[in-house]
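Start from chain A and add chains B, C, D, E and F with the ligands according to the hints.
Protein chains in written order, with the working numbering: chain A, 100 to 358; chain B, 100 to 358; chain C, 100 to 358; chain D, 100 to 358; chain E, 100 to 358; chain F, 100 to 358.
Heads up, a few of these hints could be off.
Pairs involving identical chains hold if they fit within one copy or between any two copies, as the list cannot separate such chains.
Heads up, simulated DSS-like pairs for lysine-lysine below, C-alpha to C-alpha not over 25 Å straight-line [claimed, not checked]:
(1) K144 / K104
(2) K297 / K333
(3) K283 / K297
Derived from the structure by calculation, the hints contain no laboratory data.
Protein chains: 6
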Amino acid sequence: MSLTKIEQTGHVLTITLTNQERRNVLSEAMIEEILSGLEEARTAKARAVILRAEPGVRVWSAGHDISELPHSHRDPLGWSDPLRVVIRALEEFPAPIIALIEGGVWGGAFEMVLACDILVATPESSFAITPAKLGIPYNIVGLLTFINATNLHAVKEMAFCAQPVNADRALTLGIVNHLQPADKITEFCAEMARGIAKLAPLSIAVMKEELRVLASAHAITPRMFERVQGLRRKVYDGHDYVEGVRAFREKRAPVFTGE
Amino acid sequence: MSLTKIEQTGHVLTITLTNQERRNVLSEAMIEEILSGLEEARTAKARAVILRAEPGVRVWSAGHDISELPHSHRDPLGWSDPLRVVIRALEEFPAPIIALIEGGVWGGAFEMVLACDILVATPESSFAITPAKLGIPYNIVGLLTFINATNLHAVKEMAFCAQPVNADRALTLGIVNHLQPADKITEFCAEMARGIAKLAPLSIAVMKEELRVLASAHAITPRMFERVQGLRRKVYDGHDYVEGVRAFREKRAPVFTGE
Amino acid sequence: MSLTKIEQTGHVLTITLTNQERRNVLSEAMIEEILSGLEEARTAKARAVILRAEPGVRVWSAGHDISELPHSHRDPLGWSDPLRVVIRALEEFPAPIIALIEGGVWGGAFEMVLACDILVATPESSFAITPAKLGIPYNIVGLLTFINATNLHAVKEMAFCAQPVNADRALTLGIVNHLQPADKITEFCAEMARGIAKLAPLSIAVMKEELRVLASAHAITPRMFERVQGLRRKVYDGHDYVEGVRAFREKRAPVFTGE
Amino acid sequence: MSLTKIEQTGHVLTITLTNQERRNVLSEAMIEEILSGLEEARTAKARAVILRAEPGVRVWSAGHDISELPHSHRDPLGWSDPLRVVIRALEEFPAPIIALIEGGVWGGAFEMVLACDILVATPESSFAITPAKLGIPYNIVGLLTFINATNLHAVKEMAFCAQPVNADRALTLGIVNHLQPADKITEFCAEMARGIAKLAPLSIAVMKEELRVLASAHAITPRMFERVQGLRRKVYDGHDYVEGVRAFREKRAPVFTGE
Amino acid sequence: MSLTKIEQTGHVLTITLTNQERRNVLSEAMIEEILSGLEEARTAKARAVILRAEPGVRVWSAGHDISELPHSHRDPLGWSDPLRVVIRALEEFPAPIIALIEGGVWGGAFEMVLACDILVATPESSFAITPAKLGIPYNIVGLLTFINATNLHAVKEMAFCAQPVNADRALTLGIVNHLQPADKITEFCAEMARGIAKLAPLSIAVMKEELRVLASAHAITPRMFERVQGLRRKVYDGHDYVEGVRAFREKRAPVFTGE
Amino acid sequence: MSLTKIEQTGHVLTITLTNQERRNVLSEAMIEEILSGLEEARTAKARAVILRAEPGVRVWSAGHDISELPHSHRDPLGWSDPLRVVIRALEEFPAPIIALIEGGVWGGAFEMVLACDILVATPESSFAITPAKLGIPYNIVGLLTFINATNLHAVKEMAFCAQPVNADRALTLGIVNHLQPADKITEFCAEMARGIAKLAPLSIAVMKEELRVLASAHAITPRMFERVQGLRRKVYDGHDYVEGVRAFREKRAPVFTGE
Ligand code: NI
Ligand code: NI
Ligand code: NI
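Here chain A stands alone, though its shape is the one from the complex (with noise of 0.2 Å):
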């Protein structure tokens, strides 16, 4: 565990990301270790979990790990790669998963704390939907999760703009639940936590899993997804994919056209 910190108290389990010095990108690495120390909390029956960075960063995460993404001809987010396998890790997760977050939360980063149950954020929090800047073809599911979280009409401007949304928006967008100061949100989560902790685990975790069937019933044919699917292929088949990762890698501003 060198990427993450996981400590215990009572019916509580807080992981925290500590890879400050690369912005706790989500790289599989770092997947991993969120990925244990959901199995700790799941075999130490903790009844709500706190997923949180360390006090004072300025980013709370940057999301994928740029240098991970697959070469071009490949879907980026298939369902074993890492970013899908921590989302659905999060929402199967039989209790409450708090997300306590400070700093800048980006891409991939904003979509797993949209996975988590209740989002606490300081006021000078912000996030953002990435993929446009770098080329990349979301997929449907991570779309999804974004849509169940705010209003339609957010949803396409943060992705369409890939502008940072701050915290006060994020408030009246109903992305998270309440606002914080830093040095208060600490305590704000763990007595939630602790409340939680005290309600009928199988009554929760029976609600949690309903709300997540109910959140994911957005059925299509088999017809428009491989359509859709086939749409993706065309994105990351093309120049401006390899252009977006070459140029975030080369720290310039990508030129792209549309091919």
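Same frame as chain A, but now just chains B, C, D, E and F with the ligands:
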């Protein structure tokens, strides 16, 4: 009619819950009277209905009548159980129903007001989702009512923390349409109802029905449903359900074991 | 092109409705010009489109051209009718469309701006759902546009009361993304459009399409649909539909009987 | 009751179509009598119903009463139109309905017998799907009845060729359950009905309802439905619909232009 | 292992039901042994499984162990009840399962063989759907298994008449893939299994899973499901369920009242 | 046009596959010619199309052109790949397509004939589903074509055993509509096509489209689809896919390891 009062003025019918003594608990008897009121409104071709408690109450309705909950090993939220029946009656009533809310709205009563079409509340009102306090597995249609009324993370917080949400936050979350002070709310709702009564009733009825159909259009496979039903059965077969109900009756804090 | 004006700057194309005299009513002719504008944008590979009225208008668009509504016994919102065609064209356009809104947006025009991707409005704007004033049975796809744009109880209030919602409330409800004063809104939207134009067009196009698919994924059985269609037919076969349209033309209040 | 005859023996009720003169055409009057028969069976708590024509008929039923078809510009298969009403009544009847078939079963009558639960036919029976002869756009629920009854390519052949299928092929295709010679079929069906009447009625009723729900569970999006409805409207607005009905009345071959 | 026998030859594993004395009734103990057999097959990476009774039996399996059915007021076909568990295990097993059938297959055993992938039977076999004999409300997933296996009217006849269907008709109905005489059936199935074992196991596994997903893709709304569940509860709460089970135990004909 | 021959007689257009040398393999070139033929038929407003091979062929079509399959790590059945394109073109063609079949129909060609509307075959024809021979993960839309054409257990047997089904069994299974001897089949299909051409083309077109919509209405959640896509990716990333294709080219039996 000993638990409600029915009055009609022009095209508008008002149903007032009058069982303050028992905090307008949703007993079978109370629900039967609400259903009668709706039946009367249907016969009278009312073009709008107002559902309210008496002015000045501290609790609008305390929700489920715990003393009527079935013993263990029995789904407490079956299709023919009173709460489910009244919710469908409100949804299927062919004219708009305005919930005029003053005071606390708890448990099943919260879902009942959400099944109304327009919610107007005083600034002192509050709302709580309480099954986690009792160890009850809420049903999937019931949770869908909440999901359709506000955003997913707010529903999760309310369901998993079981804490009341105050009127201001309810307004921000879109749970209520308007806040009005206690001395103005009656006239505000009457004015709104009169306005509705001047419009085309069939056009409104068909739009209400279309919205009902759309809101319930989150289809899942029979397999997924039976799985959820199996999870719910484990809960109402379990120790915590018995403990939750008993502790409530004995007016003490429950001790949940998660079994 | 006598009802609109088309301008292009860089990758951004602007369509301006210019028929102030008839309050930019959505006549067949007006809709054909909007469609032409979108076609031109497609040919030019525009990366963002702005849809707006002329600066200073009091009514952005008055919605349906009532004089073009079919007589009784005919669905006024069929698949090939102009409003439905333009809404699909906006949804299927492969780049983001920004609705720049100043003034009143009524009836079908309200749905049309919601079919755009991002809505920016002046503080004096207002929005109304008006079929209940005319006795029209809105169609189910149309109501889905509203449900996807804001929460259910707000849609119900707007549909059943037919009263305008002002810009502030529209912002809270998530109906508009941003409010901007009249003298800044043009530059605000232009800036937003230029920002979009620098991002990866294919990534944006596929996300727009995925969101469209997800937003329409509220499937219902053919039986339920034909039932709704049957209810709607009763309305447009009925007395009130005739009365509503006639009263509008005669500029008097309609008298609805519910038949 | 001039078009049907109702008889009851024990728990079994028999409805006999007796309008041989007009080949048991499904006029509004005929359908009302069938509905009355079902109502009577419901009151009598019949455990099985037999629907039949009189012994020895050459045509079991000729289907739609063409003289009652609406003029152009009107959906001939709306929710409240007689054929659709009787089909739902058969599907929703709480006990099994046995169609005893002798002779030709054409058009809407074919769908009507498929809406029964068990089909027994004489070897001389035949079955035809005929809207393509008249230029009628069959409705989607109606086609679902056919798809649920046999395989897709057989439905297509019958619908696109409009040729009768004989009893042997109907048996192979699973359209009928059993063939029985004309002099044995009455007793065969009576025996089957008596067998059903000895079994548990509620168990049967709930399985019938579950199968009805499953068979109709081919959900589509509102958008797809309105598109199909739009295609159908083009057909009943068109020249060929007028020509088809006229030619039928004038007893000549129609000349279709595809417009 | 006292109720089954497990044998492996090459890539093929055979599970034989050996409890002839009790007609291979699907008791909890029997189902646990079948599950063990499947587990063993999974560990051994078997590429095909044969599920059979001993040669020469008159009853392949008598289905549900009636003595294990729950008392009244309890769903006898819950998610975790043995029959439902084994059916899912067969469907989810990653290699094809061949049901080798000789003799009568009744009630739950009929659904169990349909949950296998390929059915081969002797000409003396027969199949019956029996809940209507006992007053049991079959569950919706269970009925879906039947609908997916053959046509709707055949399922209705079998469910509503509770009479056995013989092997010839089962072949015509597509219920079984092949008939083979008793002295050839063992070698026929072994040959088929060896053929499968030579093909690409992952390609087969993924197609089996895709077909499972498609076959269960008959989604319904939560509301419809809870309604069906409510209807089913009335049945297992009722008089006839008690009477049906009691009469079976007392080996007499039940007297059903429909209550 | 070197691989097909197009002929028109009256309202009927015939497309004949003429690449006997390569057994009418569905290469990109072949599929482009079929698409051209359909385009020509559309322009000519053909009311029926016959798709056939030349008289006397032993192989109607050998299916996929294995030499064009993508290397490992690439979905061989993507939305824009030729087989998927031609299948949609056949389904969406507005008039009935009759597949006139003589000889073996293998792999993708089998799905292609099932995408036609009516199948007529000579008694010597045979049909095989072959991906398990090559290690290919068939796509979910493709398997839906098979499920819609015949019963589930037959599809499983064909997919898991990869053995040809002869014409007699194909008739019983509903895969083909009619068998006709080789010297009569041409006239039989021509007669059928002429019959169709006399009926109402728009009525037929709309029914074809409704049936297409219904047949594809097996909606699944995005999550379930992405899971299936993930399983399929494991297959085309795996050893067996490479081995299957290589063995086919080297004309030897493949050795599959299940990895
Ligand atoms: Ni939703
Ligand atoms: Ni929704
Ligand atoms: Ni189906």
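Hints and how they fare:
Only within a single protomer do K144 and K104 lie at most 25 Å apart by alpha-carbon distance; the minimum there is 18 Å, versus 39 Å between protomers. Within a single copy, K297 and K333 get their C-alpha atoms only as close as 51 Å, which misses the 25 Å cut-off; across copies the closest is 20 Å, which meets it. Taking the shortest Cα distances, K283 and K297 sit within 25 Å of each other inside one copy (22 Å), while across copies they are farther apart (40 Å).
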